[in-house]
Each structure stands twice: as C-alpha cells, then as structure tokens.
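Asks: Chain residues, written in single-letter form:
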Amino acid sequence: MDRSRLERAAPCEWRVKQQGAMRVPAIIYADDHLIDDMDDKVVEQLVNVAGLPGIVGAAYAMPDAHWGYGFPIGGVAAFDADQGGIICAGGVGFDVSCGVRLLLSELNTQDVEPVKKTLAEALFDTIPAGVGSTGTLTLDDAEMTAMLNGGAHWAVENGYGEPEDLERTEEHGRMSGARPECVSDHARKRQRREMGTLGSGNHYCEVQTVSEIYDDRLAKAYGLEIGRVCVSVHTGSRGLGHQIGTEYMREMVLAAPSFGITLPDLELACAPIKSDLGRRYIGAMRAAANCAMANREVITHLVRRTFAKLFAHGHLRLLFDVSHNTCKAETHKVGNELRELHVHRKGATRAFGPGHSDLPESLREFGQPVLIGGSMGTGSYVLAGVPAGEAASFSSACHGAGRAMSRHRALKLWGGRQVQDDLAGQGIIVKSPSRRGIAEEAPGAYKDVNAVVEAAETAGLAKRVARLRPLACVKG
Amino acid sequence: MPKPVTDGSYELFAHEADIGIRGRGPTKAVAFGQAALALTAAVTDPGRVNASMSVAIECMAPNDVTLFVDWVNALIFEMAVRKMLFARCDVTIEQGKLTATAWGEAVDRTRHEPAAEPKGATYTEARVQCDADGAWTAQCVVDV
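Order-wise, the sequence lines are chains A and B. Each residue of the first sequence is one higher than the last, beginning at 1 in our numbering. Each residue of the second sequence is one higher than the last, beginning at 1001 in our numbering.
Think of the hints as simulated: they come from the structure by calculation, not from any bench. One thing to keep in mind: the hints can contain errors.
[Said to hold, decoys possible] In silico lysine to any residue, SDA-like type, Cα no more than 25 angstroms apart, as pairs:
1) A:Lys189 - B:Ser1009
2) A:Lys412 - B:Arg1109
3) A:Lys41 - B:Phe1013
4) B:Lys1083 - A:Lys41
5) A:Lys412 - B:Thr1099
6) B:Lys1083 - A:Lys117
7) A:Lys117 - B:Ser1009
8) B:Lys1097 - A:Glu365
A quick note: this is a predicted structure, and the numbers were derived from the prediction, not measured.
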C-alpha cells in the first residue's frame, strides 16, 4: 500500500484524515509489513465507507483486511439510525453470518494421531462439502420458517446438537428480530437441501491440536491446554444467505437515488435503517443469521457422531460460535454517551471484552473467545476480547489470515496435489472433492496469520490465548 | 489473454478474495453468453461439461449493468438449485429483456472436480461496454 495517504498514529494504527466526502476518519490496524503488503484498494474502499450517511467514529480495517466489494473484507463500520444511519447489504456480505465455531474434545494429540487418516476420511464421508453436495435434511416451507426463526435452537429441538451449545453460541443461538416473511421463495428454494452442508472456497471442518498457550488464565477458563484436540467449523448461511444478499443488494442499488444517497461504488448500496427497505433487509439478514447458526449446529452433530464412532471418550463440547459477516444492533460508548449502533462487520469478528452483559455467564469474567481461522498449513488462533477493543473498533477484531493473493494467481503458483503432499509431509491430512480448490486455498495464498494476530494484540483489539495446529482438514 | 472462441471469448480476471468473470463478443448478447462460460470456468473447465440439458432463463432490468448482474445471478441460482454446470448459453437481449437457454448437465463431482462455489455476482468491476474495436465486454466480480 502507498503510505503517502496514511498517518501513523501508533505502532499498529494508521489513519486517513477526514477529507472530501468522508464524514469520519478511516483507521487501519496493521504492522509495517502488513500495511506494505495490503492492497491500495483497501484504503479506497475504507474511504468510501467513511462517507456513508450516519457513520459514527471511524471506518475501520482489521489487520487481515483485503480488497472486498464495497466494504473491504476485514472492514468495520457503525451507523446510528437516529442520525440517518444506513444498513448496507455489501457491508454484511453474501455469506450472511459466516462464522467459526470451536469444539473441544477430551482427547489428546496422541489419541488421534494413530487414527488421523481414518478420522479425516470419516469426516469427509459424513459432512457434505463442496459444489454439488446436498445435506441429509430437506426442509419444507413450514420447517424452513421454523429454522429461520429458531436458529441453533431449531437444530437442537430437532435432535441436531446439544442444549449446552446454545449459551456458547453468539446471540445464545437465536437472533431475535428475524423476519422469515422477508426471505423470498428463491432464497428458501436455494436452502431447501443445503442444511448441514459446509460449502466450498475457504470453508472447512478442521481437526486441530492446541500447540501454544499465550495466557494461562484465559486458556484454563476456555478449557484449552497443550495437546488438547479440538475441531473448528467454518461455514455460514449457505444458499439462503447468498440469495438474500443478491436480492437486497439489487433492491438497494435501484433504490439509492430515492433515498438521496450518492454511491461512490454500487456495491455500497444501502438503505436508511429506519426505511421500509432497511427494516426488511435487517429482518431477512437476521433470519439468515439463524440459518447460519442452525447450519453450524447440524454440522456439529455430524462431527460428534463421527467422533463417537471412533473414540470411546470422543465427546465434543462447544467453546464458542461467532460470526464474522454481520450487522448487529449493539450499545457502544461514543464519547461519554451510550448509543445504539448498527455495527457492520464484514470479515471481522465481534470481540466483547470482560464483563459484557451479552456474554454467557461462564465466560463473562474472561471476555469473548475470538476465533481466528488461519490457512490449512499455518494454524488458527483463539483470542479473547479486551476492554480496549471498545474504543479501538467497537469491540471488533480480525477474522482470519486474510488472502494475500487472488485465486487466479494461486492456481498459477501451486497444484492441488502438490499442496496436499506438502501438507501431508507436515502431518496435515487434507480431504477435498477438488484439487483445484485446494490449490486456490494454498497456505501461501494467505497472509501470515501469526503477524495478523500479533498486530491485533498490539493494536488492543484482542489478546492471544492459544494457537491451534491443524491435524486434518476437510475442505469444500 | 482471453481464450479465443469462434464467436466470442471468455476469461477469468483476478480479484484478491474472489474471481472476476469476463465475456467478449461481437454483440452484447454474445458477450453475456461468453461470461456465463467464464462463470463455469470459475468452478471447472467448461470443456468437461456436456450440454445435455437445457434451462430457460429470463431477466429484465433498467440498465445493462444491472441486467448483466441479474443474468449472472440467475445462472448462479439455477446452478445451486439444480446442482448443474453450464457449457453453452444462447442469449438474446431486446429492450432490457434477456431471454436465454442455458445448456449443461448435473455436477459430476468426480469428472468435474468442482472448485469454488459461486455465491453471487457483485457490482465490483461490473461493466457492460462496446469497446473501440466494436466488440462488447461484459464483466463483474463473483463472490465465491
């Protein structure tokens, strides 16, 4: 990135002063290396976001930020409905409420290593993944409506998942304010056979082991110890969310002039939160968030069933489930006053610090687990929300390693078999229906996740708790 | 370089997170049809896909860019619900209305080895234009 537009405010904080159409400044959190490697499009997109009506504080980019569509991926922006604030479908993304959950086993690495290959194959056979896959569930319209209202609760009530999972899921497993009637027949049709499917691209189900602890107290509170085997699931609201994003984006593009909104980029199409269109999108988006939580709950059921077949003590308990493509109504401190804001996090994770009333009681003292999915070869992280995050980014942190190059370029650099063999040499088994998909997701196509989380910690967005090393990965 | 085809060409172009699709042709309709092949190329080699089944698609929009994004989204919808890939598209466009027949087959995960799943067409880099050489280009970035 060209640094000439940026002012360094702190070791990992870069600012673009409010100017031109910007209503607030833009802030990027990154270290020297990450900022230099970041695409100039990130700052262009962030400056555009900073000009949207009703934005509060600043437009933020997390350390894993990269070029998105409208919003940068890794973008955070909060809007005040009472100040003409908007809701932006592109600020949430097509994969509404895409997120990560982390399941903790009672097993150690040595329990799993001897059967790792069998486990990987069993997970690959059990969890529908990739283009063309279908779930084992088919929902009729009434069941679809119940799922869109109930979220993870719907899944548990139907025998998929455990009641204890619900308090460890964001929004306690059910997003209130969902309006299934705002979800089209097309969106419902697209989801009909997709419950419990992983999808493709960067979605995965990965068996991991805790390889490093950074904070003993928090690790103990979260149940993380060296050698403990866990499972990460990364997926979202599947076809339903994609269709909702598509339809409301179109409606917002065409309606923007009627709201007097000038769009510097069509992908920033938006509507006032208090408009009929804004309210309908929010209702549909919340229904999609419930779909995403239900989907991850159903997949969890499949993962548990697989572990139970292979291990006598294979029970998996949920540490936490958190989404990173969302817009949520939250109360935040702005100056000296508390204000209700609609916080968009596009490829960014909510990261509430200790004491936040929305956290489950068992975690409230410690702060929210922030789950960072890395690439297949470099591992993932568990962070914890910190008090400083509130002022820094409306309690938001990074969501992953962030892509460092296009899929196009990755395909020119790597072959799927080569990546699979290289990872096997490191003890990581990768199963996927597509070797090309593996090449597109090669570890080298991502930023250095270690640098990303270190920058997040230095910037005061979240604190490192543990690092997770991959053992086996099912990719879509 | 765009892949040459008798009556048009298609290619993928780079976007950091996702994939750009681009079709070119002597008419707007041909460019739209070629872009559909680029969409398939984002998933698998279109040469591996048989044109054994057809799906009728219609879209209408107030401008070319919206019509193109609608067209790509209509293809993505049909791919998702029918679990299909498309090998050929015959497109006509008259007064903002697109009528098409998309030819393809059901996804065969062994033969097609499908990679990324298209989620939706975005307005990023979205363009429908007649270039200086008289050829039409239709393109956008697809979220995968």
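Asks: Hints first: check each against the structure and report whether it holds.
Replies: For each hint, the structure was consulted:
1. A:Lys189 - B:Ser1009: violated, 33 angstroms
2. A:Lys412 - B:Arg1109: holds, 23 angstroms
3. A:Lys41 - B:Phe1013: holds, 16 angstroms
4. B:Lys1083 - A:Lys41: Distance ~34 angstroms between Lys1083 (chain B) and Lys41 (chain A) Cα, so the pair is violated.
5. A:Lys412 - B:Thr1099: Violated. Lys412 (chain A) to Thr1099 (chain B) sits at ~36 angstroms, over the 25 angstroms cutoff.
6. B:Lys1083 - A:Lys117: violated, 29 angstroms
7. A:Lys117 - B:Ser1009: violated, 43 angstroms
8. B:Lys1097 - A:Glu365: violated, 59 angstroms
Of the numbered hints stated above, those contradicted by the structure are hints 1, 4, 5, 6, 7 and 8, listed in ascending order.
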